[in-house]
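Q: Using the sequences and the hints given, assemble the complete structure.
Heads up: the protein sequence lines correspond to chains W and H, in order. Our numbering puts the first residue of the first sequence at 8, with every later residue one more than the last. Our numbering puts the first residue of the second sequence at 656, with every later residue one more than the last.
Careful: at least some of the hints might be erroneous.
Derived contacts from chain H toward chain W, CB cut-off under 7 Å, selection only [what the hints assert, rightly or not]:
#1 710
#2 726
#3 727
#4 732
#5 735
#6 744
#7 750
#8 752
#9 796
#10 857
#11 858
#12 949
#13 951
#14 962
#15 971
#16 972
Label-pair restraints from in silico Cβ distances [stated by the list, open to error]:
#17 W:542 - H:957: 38 to 46 Å
#18 H:969 - W:359: 28 to 36 Å
#19 H:669 - W:214: 18 to 26 Å
#20 W:492 - H:693: 28 to 36 Å
#21 W:445 - H:676: 22 to 30 Å
#22 W:492 - H:872: 27 to 35 Å
#23 H:909 - W:447: 51 to 59 Å
#24 W:204 - H:957: 24 to 32 Å
#25 H:906 - W:449: 44 to 52 Å
#26 W:447 - H:707: 23 to 31 Å
#27 W:512 - H:819: 53 to 61 Å
#28 H:819 - W:79: 44 to 52 Å
For the record, the hints were derived by calculation from the structure and aren't laboratory data. C-beta atoms are modelled at their ideal positions from N, C-alpha and C, and glycine is treated no differently.
Residue strings, one per chain:
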Amino acid sequence: MAMKLQTVGPGKSPGAAAGSARVHRTRDHSVEIVSDSGEGAQKCGQIFGAVSAKMGNGVWTVEIIPAEVEPPPRSIAGASGIRIRLGDGPVTNWGDETDLVMAFNEQVLLGRHRLNALAPGATILLEDQWATHPDDAVRAQWDAAMEELGEAGYRIIGVPMEEICLTQVENARKGKNMFALGLLTWIFERDVDRVKEQIAHTFRTKPQKVVDKNFALLELGVQWAGENLDFRVEVPTATEVGDLVVMNGNEAIALGAVASGMELAAMYPITPATSVSHHLGEVFERFGGIVHQAEDEIAAAGVAIGASYAGKCAFTITSGPGLALKTEFLGLAVMTETPLVLVDVQRGGPSTGLPTKVEQSDLLAALFGQPGDAPKIVLAPATIEECFHAMITARRLAEIFRTVVIVLSDANLATGVAPFPRPEAREAWQAGPPDQSAVPEQGRPYDWDPRTGLSDRFIPGRPGGMHTVTGLAHDERSKVAYDSASNQRASEMRSRKLAAFQSTLLPPEINGADSGDLLIVGWGSTRGAIEEAVERCRGEGLAVSSLHLTFLSPLEPGLTEIFKRFRKVMTVEINYSDRADAPFVTSENRRRGQLSWLLRATTLVDVDCWTRVLGEPLRPSAIARAIRENLPGGAP
Amino acid sequence: MSGSCSVFHLAQEEDDRHFEMGDYEGPVARWCSGCGDHSVLTAVRRLLADEQLQPENTVFVSGIGCSSRFPHYLSTYGFHGIHGRALPLSTGVKLSRPELRVFVVMGDGDCVSIGAAHWIHAIRYNVDMVALLLDNNIYGLTKKQTSPTTPQGYSTNTQPRGSYLPAMNPLEATLGVTNASFVAQTAEWVPAHLFATLKAAYRHRGFSFVRILQRCPHFTADMYGEAVKNPGMVELLVHDQGIVAPEIDAMFEHKRPHDPSDLDEARALAEDMNQIRLGLFFRDESHPRYEETRSLPHHTAADKIRILEEEFDRYAV
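A: What follows is the structure, encoded as structure tokens:
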């Protein structure tokens with residue numbers, strides 16, 4: 008049965024007016040704005056998200072980004088947009104399905120529908136100009152789409168976006184997003200003045216007339232919604248909104264780098280990491296920092312290592328393919344014990360993979376990607392707030408332990424936006440000036456403390472410390488040493504640093520009871536979704552708990568003891584693993600989730616895994632289903 | 656410490672120490688006897704003493720290969736890196752600490768082959784450092800494989816019937832890159848010219864590229880043939896703004912006046928590979944140096960906190 012489009016508009020209204028609209032009260036509501044690339048859906052969603060956070064809602068936004076800059080218009084795979092999930096308390100992930108959609112054409116809507124992104128019964132506000140488009144092909148596409156969407160039971164409301172926007176702008180592609188923002192402003196009863204403030208902030212570099220035009224479009228949206236819509240949505244807001252900041256994970260990494268006192272970022276453009284350097288490019292120089300865009304990924308690593316060698320720890324930012332290219336330089340930094348922070352904003356792989364989409368597939372490459380033994384520290388922020396603090400921690404660890412620290416973020420954190428408590432910046436976070444004191448007589452550049460492997464670094468400029476660091480095997484004086492004892496000892500000392508560091512860590516906290524039937528173990532950006540799923544399942548009476556690892560190398564202590572208190576342990580990750588029941592797959596040849604490999608190897612516990620590579624963040628409902636299916640003995 | 660390099664070539668900080676060549680000496684070099692690297696090392700030590708460079712503020716960066724062992728045989732700071740990647744490391748050193756004096760030592764495989772991307776871009780960055788290409792036309796450390804500068808037809812272990820391709824011309828390539836600022840060629844067997852060239856390269860403010868013609872005593876001993884014994888076969892580029900080495904004037908009868916500010920003539924002279932030419936092909940100090948372009952005001956920790964708070968304000972709810 009073809010979908011019957013609900014058409015509303017002046018004179019055709021079912022009688023809705025601001026006063027008589029039905030109010031849907033909910034603690035949790037997700038909204039998507041989807042469009043062709045370049046129609047500003049993301050900007051609309053970002054402004055809506057920021058205002059919602061300011062008004063006291065928990066917010067998580069995630070961008071829907073096609074891989075091309077300008078994919079063909081009205082294409083199913085070209086959907087560009089943003090999802091905003093609102094809650095009455097903190098929101099830690101993108102949730103399950105979308106309840107309300109603003110779609111600028113039916114093809115991008117179809118794209119989202121086919122990805123099962125929309126809740127059954129979702130309300131859709133759809134640009135309806137295509138239904139009567141002069142081009143037969145477009146009308147045929149529209150009809151086919153309505154047929155397909157009709158099966159799903161959505162409530163689709165036609166909105167003459169183009170027609171209304173053309174009263175203000177010559178090119179409606181450049182105005183619909185602010186009109187849509189007006190619709191959202193009315194539906195969610197957002198404060199119009201705050202929305203305008205946010206618009207003005209967003210377009211602060213544009214002439215005032217652009218801002219005014221956007222205000223006018225916003226008001227048209229608010230007005231149209233008030234005259235035509237028969238529903239509103241109320242997500243209760245917290246009365247006490249503390250001091251919050253709202254940003255995405257890449258912005259948080261950039262600001263964290265600034266707060267850590269690092270002064271040089273070397274990078275080569277790569278999605279989805281590049282926007283870190285955009286933010287840095289904007290602010291870093293104000294702090295006296297340099298963003299060096301190198302000729303390639305390898306050079307970016309080399310420049311950062313050279314800068315660290317001569318002074319303060321520097322950092323480089325990349326994604327999977329870049330991590331691969333930097334491999335040899337990472338080995339050099341480990342071997343010469345030169346501090347380096349590397350941020351890997353993970354995307355789908357291998358090879359070029361899914362450049363704009365999330366995956367957690369670089370864990371083992373980060374740990375073991377270098378030929379030879381190259382121990383380094385690997386940590387993974389789980390939230391946008393942690394992206395900020397990870398950089399400060401990483402810088403300190405890199406300098407104290409004279410080694411490489413890899414920060415594993417991902418595309419979910421990179422483009423997700425959420426509020427978090429405004430950090431109180433501390434001078435202690437910043438690197439001090441490079442030590443330029445004279446080196447004591449007989450001082451050695453690798454004067455390893457035999458217990459910890461730690462040694463003092465002789466930075467150029469220190470009188471009496473002259474030596475040549477080298478990627479060749481070397482002794483305490485940094486002299487090339489090919490003899491067996493020197494190589495064994497130097498390897499031990501580089502490795503010892505990780506054990507020494509691990510001895511300072513606390514065992515991870517358990518979310519839920521500290522024993523039970525099933526323990527879910529995660530790392531990185533999946534924390535919010537995992538914990539939400541675990542809480543749902545506990546609500547159903549299942550004995551499930553979770554723990555989330557921040558440090559992957561070295562692993563946090565006490566895992567074996569914790570694992571023994573659960574009947575089953577299973578990782579949940581966004582990377583590939585064979586399903587246990589797939590053809591030819593046995594328990595011996597099964598290829599597992601990356602954290603699961605690692606945990607099995609280190610704890611000798613039979614750690615199972617549930618992983619997916621769908622090019623999107625995990626949904627709490629999917630994790631909850633996996634929990635029920637994997638509960639030892641089955642769900643009660 | 657000022658970010659500007661405008662005076663550091665001429666005036667160092669007060670230092671009542673005096674350095675002799677021996678003060679820059681490291682362990683005994685483990686190169687083969689007869690290797691050109693020894694002459695370069697001697698000329699470099701002489702330069703360091705001549706310029707009274709403070710060992711603790713001087714950094715030698717190298718890649719991988721015979722010649723890249725160079726920093727180990729000095730008593731300055733050194734970074735013996737990985738194959739082909741000396742230039743990114745040295746660029747990082749200068750961006751972080753523009754006041755350090757940086758020298759880069761690369762072989763032909765290192766610079767012209769595996770590190771070619773960095774070489775091209777380093778010319779364009781024009782960071783103030785001296786880059787030495789110790790070019791013996793062969794991979795020596797790995798035992799006689801064809802390098803990009805191996806002459807066509809020259810037999811090696813990887814191309815025993817002779818190198819298939821015409822040799823790459825590093826001078827021509829360098830002179831073709833935007834922002835080239837100092838390009839010279841010298842030879843390991845003419846020590847006075849080698850030293851004078853290093854001196855001019857060090858004095859140049861910008862990226863000084865010096866190709867040093869060398870022979871490998873094991874694998875390319877015959878490389879420059881008669882030209883080594885007969886200076887008459889070598890053409891010396893002379894100019895009062897060029898490489899000035901009066902002590903060899905009498906030795907080389909074959910001289911060509913060349914104004915090093917003339918880029919077109921420099922390119923024409925470099926392109927012609929039938930004639931060995933030593934001297935300064937091109938110099939232009941007007942190009943901005945990357946580390947100065949990128950030099951930024953220094954902020955105290957407290958300043959940074961203040962600016963950070965302003966940033967948080969932008970994101971504040």
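Q: If you check the beta carbons of residue 492 of chain W and residue 693 of chain H, does the distance land in 28 to 36 Å?
A: holds (31 Å)
Q: Should the hint that residue 819 of chain H and residue 79 of chain W are 44 to 52 Å apart at their CB atoms be regarded as holding?
A: Cβ of residue 819 of chain H to Cβ of residue 79 of chain W: about 46 Å, so the range 44 to 52 Å holds.
Q: With a cut-off of 7 Å on the beta carbons, see whether residue 857 of chain H makes it to chain W.
A: This interface hint is violated because 17 Å lies over the 7 Å limit.
Q: If you take the shortest Cβ to Cβ gap from residue 796 of chain H to chain W, is it below 7 Å?
A: violated (12 Å)
Q: For the pair residue 204 of chain W and residue 957 of chain H, does the Cβ-Cβ distance stay inside 24 to 32 Å?
A: Cβ of residue 204 of chain W to Cβ of residue 957 of chain H: about 30 Å, so the range 24 to 32 Å holds.
Q: Does the nearest C-beta of chain W fall within a distance shorter than 7 Å of the C-beta of residue 732 of chain H?
A: Status holds, d = 4 Å.
Q: Does the Cβ distance between residue 542 of chain W and residue 957 of chain H fall inside 38 to 46 Å?
A: Because 43 Å falls inside the window, the suggested range holds.
Q: Verify the CB-CB distance for residue 909 of chain H and residue 447 of chain W against the hinted window 51 to 59 Å.
A: At roughly 56 Å between Cβ atoms, residue 447 of chain W and residue 909 of chain H fall inside 51 to 59 Å, so the hint holds.
Q: Let me know if the C-beta of residue 971 of chain H comes in closer than 7 Å to any C-beta of chain W, holds or violated.
A: holds (6 Å)
Q: Close enough to count: is the Cβ of residue 726 of chain H nearer than 7 Å to one in chain W?
A: Holds: closest Cβ of chain W sits about 4 Å from residue 726 of chain H, inside 7 Å.
Q: Would you say the C-beta atoms of residue 906 of chain H and residue 449 of chain W sit inside 44 to 52 Å of each other?
A: holds (48 Å)
Q: Hint residue 710 of chain H vs chain W: min CB-CB distance below 7 Å?
A: holds (5 Å)
Of the numbered hints stated above, those contradicted by the structure are hints 9, 10, 11, 19, listed in ascending order.
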